[in-house]
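Enquirer: Just so you know, the sequences run in chain order A and B.
This note's numbering puts the first residue of the first sequence at 1, with every later residue one more than the last.
This note's numbering puts the first residue of the second sequence at 1001, with every later residue one more than the last.
Errors might be hidden in some of the hints.
[As the list claims (entries may be wrong)] Calculated pairs, BS3-like style, for lysine-lysine (alpha carbon to alpha carbon, straight line, at most 25 Å):
no.	chain 1	residue 1	chain 2	residue 2
1	A	K50	B	K1081
2	B	K1183	A	K45
3	A	K50	B	K1398
4	B	K1160	B	K1246
5	A	K427	A	K397
6	A	K45	B	K1294
7	A	K339	A	K79
8	A	K371	B	K1384
9	B	K1246	B	K1398
10	B	K1160	A	K45
11	B	K1081	A	K45
12	B	K1398	B	K1294
13	B	K1369	B	K1398
14	A	K45	A	K256
15	A	K50	B	K1294
16	B	K1246	A	K50
17	A	K339	B	K1384
18	A	K339	A	K371
19	B	K1183	B	K1338
20	B	K1246	B	K1363
21	A	K371	B	K1338
22	A	K50	B	K1089
[Said to hold, decoys possible] Chain B is faced by these chain A residues, among others (derived, beta-carbon under 8 Å):
no.	residue
23	E10
24	V16
25	D26
26	L28
27	R29
28	L58
29	D59
30	A63
31	R353
32	V357
33	T359
34	Q362
35	D369
36	H374
37	G375
Quick caveat, the hints were computed from the structure, so don't treat them as lab data.
Here a beta-carbon is modelled for each residue, glycine too, at the ideal position from N, C-alpha and C.
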Amino acid sequence: MAQIRNNFSEWINQQVGTTSTFAFSDALRTPSLSRLAAGVFPTRKDEEWKYTPLSNLLDTSPAEDTSAALDLESIEGLKQAMPDAHTIVFVNGEYSADYSDKLEHLGSSGLSISHLSQLEGNALQLAEDTILESTLTDDNIFQHIALGLSQNGLFIEVEKNVESETPLHIIHVSTAHGVSAFTNPVNVIRLAENSHLKIVEQYASIGEAAVITVPAGYIQLDDGAGLDYYRVSIENAETNHVCNTSVRVSGSGTFKSHQYLLGSKLTRSNLEVGFTGPGGEAVLRGVYLGDENQHLDVRTYLDHAQPHCSSDQHFRGILNGQARGVFNGLVLVREQAQKTDAQQSNKNLLLSRDARVDTKPQLEIFADDVKCAHGATVGELDSDALFYLQSRGIDKKDAALMLTRAFAAEVTQEIDIASLQAYVQSKIAASLDEIVTPNV
Amino acid sequence: MIDESKKSTSNNDENIAMSDEQQTIQNITDQEYKYGFTTEIEMEEFPLGLNENIVRMISAKKNEPEFMTEWRLRAYRHWLKQTEPKWPKLDYPEVNFDDLYYYAAPKNENAPKSLDEVDPELLATFDKLGVPLEERELLAGVAVDAIIDSVSVATTFKDKLNELGIIFCPMSEAIQDHPDLVKKYLGTVVPYTDNFYATLNSAVFSDGSFVYIPPGVRCPMELSSYFRINAAKTGQFERTLIIADKGSYVSYLEGCTAPMRDENQLHAAIVELIALEDAEIKYSTVQNWYAGNKEGVGGIFNFVTKRGLCSGNNSKISWTQVETGSAITWKYPSCILKGDNSVGEFYSVALTNNYQQADTGTKMIHQGKNTRSLIISKGISAGKSNNAYRGLVKVNSKAENARNYSQCDSLLIGDQCGAHTYPYLEIENPTAQVEHEATTSKVSEDQIFYLNQRGISTEDAVGMIVSGYAREVFQQLPMEFAVEAQALMAVSLEGSVG
Chain A
1 MAQIRNNFSE
11 WINQQVGTTS
21 TFAFSDALRT
31 PSLSRLAAGV
41 FPTRKDEEWK
51 YTPLSNLLDT
61 SPAEDTSAAL
71 DLESIEGLKQ
81 AMPDAHTIVF
91 VNGEYSADYS
101 DKLEHLGSSG
111 LSISHLSQLE
121 GNALQLAEDT
131 ILESTLTDDN
141 IFQHIALGLS
151 QNGLFIEVEK
161 NVESETPLHI
171 IHVSTAHGVS
181 AFTNPVNVIR
191 LAENSHLKIV
201 EQYASIGEAA
211 VITVPAGYIQ
221 LDDGAGLDYY
231 RVSIENAETN
241 HVCNTSVRVS
251 GSGTFKSHQY
261 LLGSKLTRSN
271 LEVGFTGPGG
281 EAVLRGVYLG
291 DENQHLDVRT
301 YLDHAQPHCS
311 SDQHFRGILN
321 GQARGVFNGL
331 VLVREQAQKT
341 DAQQSNKNLL
351 LSRDARVDTK
361 PQLEIFADDV
371 KCAHGATVGE
381 LDSDALFYLQ
391 SRGIDKKDAA
401 LMLTRAFAAE
411 VTQEIDIASL
421 QAYVQSKIAA
431 SLDEIVTPNV
Chain B
1001 MIDESKKSTS
1011 NNDENIAMSD
1021 EQQTIQNITD
1031 QEYKYGFTTE
1041 IEMEEFPLGL
1051 NENIVRMISA
1061 KKNEPEFMTE
1071 WRLRAYRHWL
1081 KQTEPKWPKL
1091 DYPEVNFDDL
1101 YYYAAPKNEN
1111 APKSLDEVDP
1121 ELLATFDKLG
1131 VPLEERELLA
1141 GVAVDAIIDS
1151 VSVATTFKDK
1161 LNELGIIFCP
1171 MSEAIQDHPD
1181 LVKKYLGTVV
1191 PYTDNFYATL
1201 NSAVFSDGSF
1211 VYIPPGVRCP
1221 MELSSYFRIN
1231 AAKTGQFERT
1241 LIIADKGSYV
1251 SYLEGCTAPM
1261 RDENQLHAAI
1271 VELIALEDAE
1281 IKYSTVQNWY
1291 AGNKEGVGGI
1301 FNFVTKRGLC
1311 SGNNSKISWT
1321 QVETGSAITW
1331 KYPSCILKGD
1341 NSVGEFYSVA
1351 LTNNYQQADT
1361 GTKMIHQGKN
1371 TRSLIISKGI
1381 SAGKSNNAYR
1391 GLVKVNSKAE
1401 NARNYSQCDS
1411 LLIGDQCGAH
1421 TYPYLEIENP
1431 TAQVEHEATT
1441 SKVSEDQIFY
1451 LNQRGISTED
1461 AVGMIVSGYA
1471 REVFQQLPME
1481 FAVEAQALMA
1491 VSLEGSVG
């Protein structure tokens, strides 16, 4: 058994020794590789992983050959979410020129997108600096997998004062059939002063095989810059997905993030935001919707190191079957971060007997002139509300559907890209249709 | 040193500009421990350190039956395998467990039957603490099981309680007189394997209180026990066991002050509560042990395991605590709601000042159907202190219709302290309704200004705001304790009361 458990870490070790071309310089990779060589994956004794067992992920042994046919129709289906966006498609972790929009012409509009693996000299240095500067915690081995082993990814830059109207739609699709696969795309995003951009990242699988997805994002916002960052992940029921996003907001930048975790066997999303100047703002939203034996885990870490910053978190979970939801949020307000406004809210709806939620909204506060509050609730559908709807002639299933959709809509209504909002809401509605039974 | 002198010069400059509020904060921070003194009574001590022999000696000293000796030894052997927990948000020098005395008792050990037989110097100590036994006996109607260090020396009202069949005696006596009850219940709520400090306590506990309320009896008075750490370098290992049999009710008060000492003193107590069907236990604590001086030197290390088991249907356990003392507080009074319709409550005010550190909270474990729990926690941090609420609400998969509401507020006084909230909610049943809310605030200038312009001084205003903030908890305290708690808060905020 012990041997099987080591499948993934053995595989990682093999990768460390390969001579492939990697995205980053040796200087950046070396510390990560030595961490990987030590190869210690967290267990449930680690406080940060208390509720999230990695046994299934570690049992998975990714194979090299994962190619399978990809049909145009499926890709078009995925593009539906964002018909008017610049689309970039990665298939099994590889950039697909066939399905992606041409990117070269974008440079003139102040938005430049390049492949990390093709960067050299100053540009590579800038990307790597962004990574180092935005990272707040490095105790997470999955970050080192991304940095040490990533072979590709995007470096996205927006020039000063550029308002990038057209959103960027990055699609990661896995087609793995039969054998397991592994991908770890890295995105590095830099927004110069007063520039704005919207990014939608979508994770999907067309194949049915187990995939381990370990993406990482490093984001830096300069004074007055604003990024809307959406993640929609609907992967197959065999997928293990552990993503890390590190964000650095300098000055009065605004970072808005939406996460919709609707698929996979296990998803763990780590999102850390640090403020390095006064006046920064972070708005974090998310919905995790789990059925059967899905395990969805959201971890947020807000480092208020500067005064006059605000953060607002609102996460909602809907769980059915034997699904487990985890919310683990920490707001740290450092001594000098006076006038901080930090709000944190986590609400959960349990739809079945065996669903389970573990939530841990934490505050660590070292400054006195702050407004910090958090709240968490767990419960089932409000029987009074159900009864009210039934008394208006709506049958029980529809009433339950209405209430459950409305519960998620509290978050999805804040999506301010119309097509994406419609897409996410329809995906949630479709899942709920299957989940919500007349006897809820 | 250089830094210090620089600081004081710059302080002088700032002093001129110092607002009333800052002055108040300064005063609070300057507050020294009021109850610092030592009673000089001859102590009997065992050799330093801990080994099986010491455990046997403690057991033999107390003339314990074999099952107790064996139980202690099992705990000791288990303790050797355990390590000190590192997860709390506490920072303190490592405790050298080989450099402690594990047993100390006043030498004059002939159990006194009345107050006349009690060492007059002990009585004087209680006087200094404001616990005149006679007065209590006559006026307050409170039976006091007074504990100085490790052996109970005075027990009052025993006869009256005897009439009702209530057993209220030192634990050592209970082991002699009621071994069956002790054997049946001791360690059933906090097993000797529970945690590092609980295991240590199980091995070496010296004494404590034992309470048994027979079925259907409503204890007519508040039972009270005063704890006091007295001999230098003596770990205190109290063990309290309270059993409320079917349909009974008891309210138990625990309060303590300790003399000023420069060396850290370790305290690892256990309190076990068991409420059978329809029974109710109300347990109130006012804790004001020596917290160390302004530089954070000295003070009590308080590692306490308190847990109540609502084992019968419709039972209720309510914890109320006012924590103002100790350098380190590590304490999570918990309720296991096993019986159907059982209720757990936790009301807490924790005030930390100077370099005090508190990591405290509760656990509510819902196992039975229709169980309810309520958590009201009010943290107040001042000076350079750190105050953390750490709590767990767990609803097991079979606990239908469980309800929990938690409110954990923090109040910061001054900008060098910390207030932290670590709630854990583990919900395995969809019929549960669990809500947690927390806010952090400071004593605002507006509030103080409002009170100022009504002719109330800034010091009084801060005192008022703080007691208003903690009122919900004080209201839960029995009358005598509410008075003491208010007084304690006043002492802790004395700079502001003039």
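Enquirer: Are the hints correct? Go through all of them and say.
Expert: For each hint, the structure was consulted:
1. A/K50 <-> B/K1081: Given that 25 Å is the threshold and the Cα spacing comes to 23 Å, the pair holds.
2. B/K1183 <-> A/K45: 34 Å, violated
3. A/K50 <-> B/K1398: Holds: A/K50 and B/K1398 sit about 22 Å apart, inside 25 Å.
4. B/K1160 <-> B/K1246: 21 Å, holds
5. A/K427 <-> A/K397: Holds, at roughly 18 Å.
6. A/K45 <-> B/K1294: 37 Å, violated
7. A/K339 <-> A/K79: 42 Å, violated
8. A/K371 <-> B/K1384: Holds - the C-alpha atoms of B/K1384 and A/K371 are around 20 Å apart, at most 25 Å.
9. B/K1246 <-> B/K1398: Given that 25 Å is the threshold and the Cα spacing comes to 24 Å, the pair holds.
10. B/K1160 <-> A/K45: Not satisfied, since the Cα-Cα distance of roughly 52 Å exceeds 25 Å.
11. B/K1081 <-> A/K45: Roughly 18 Å separates the two Cα atoms, so the pair holds.
12. B/K1398 <-> B/K1294: Roughly 50 Å between the alpha carbons, so the hint for B/K1398 and B/K1294 is violated.
13. B/K1369 <-> B/K1398: OK: B/K1369 and B/K1398 at ~7 Å, within 25 Å.
14. A/K45 <-> A/K256: Not OK: A/K45 and A/K256 at ~32 Å, beyond 25 Å, violated.
15. A/K50 <-> B/K1294: 38 Å, violated
16. B/K1246 <-> A/K50: 38 Å, violated
17. A/K339 <-> B/K1384: 19 Å, holds
18. A/K339 <-> A/K371: 7 Å, holds
19. B/K1183 <-> B/K1338: Holds. B/K1183 to B/K1338 sits at ~21 Å (cutoff 25 Å).
20. B/K1246 <-> B/K1363: With a Cα-Cα distance of about 24 Å, the restraint between B/K1246 and B/K1363 holds, given a limit of 25 Å.
21. A/K371 <-> B/K1338: Not satisfied, since the Cα-Cα distance of roughly 38 Å exceeds 25 Å.
22. A/K50 <-> B/K1089: Judged against 25 Å, a Cα distance of about 17 Å means the pair holds.
23. E10: Not OK, violated: A/E10 not within 8 Å of chain B, min 31 Å.
24. V16: 31 Å, violated
25. D26: 36 Å, violated
26. L28: 32 Å, violated
27. R29: 32 Å, violated
28. L58: 24 Å, violated
29. D59: Cβ of A/D59 sits 25 Å from chain B, so the hint is violated.
30. A63: Violated: closest Cβ of chain B sits about 37 Å from A/A63, beyond 8 Å.
31. R353: 6 Å, holds
32. V357: 5 Å, holds
33. T359: 5 Å, holds
34. Q362: Cβ of A/Q362 sits 5 Å from chain B, so the hint holds.
35. D369: A/D369 check passes; min Cβ-Cβ to chain B is 6 Å, inside 8 Å.
36. H374: With Cβ-Cβ at 5 Å, under 8 Å, it holds.
37. G375: 5 Å, holds
Of the numbered hints given earlier, the model fails hints 2, 6, 7, 10, 12, 14, 15, 16, 21, 23, 24, 25, 26, 27, 28, 29 and 30; all others are met.
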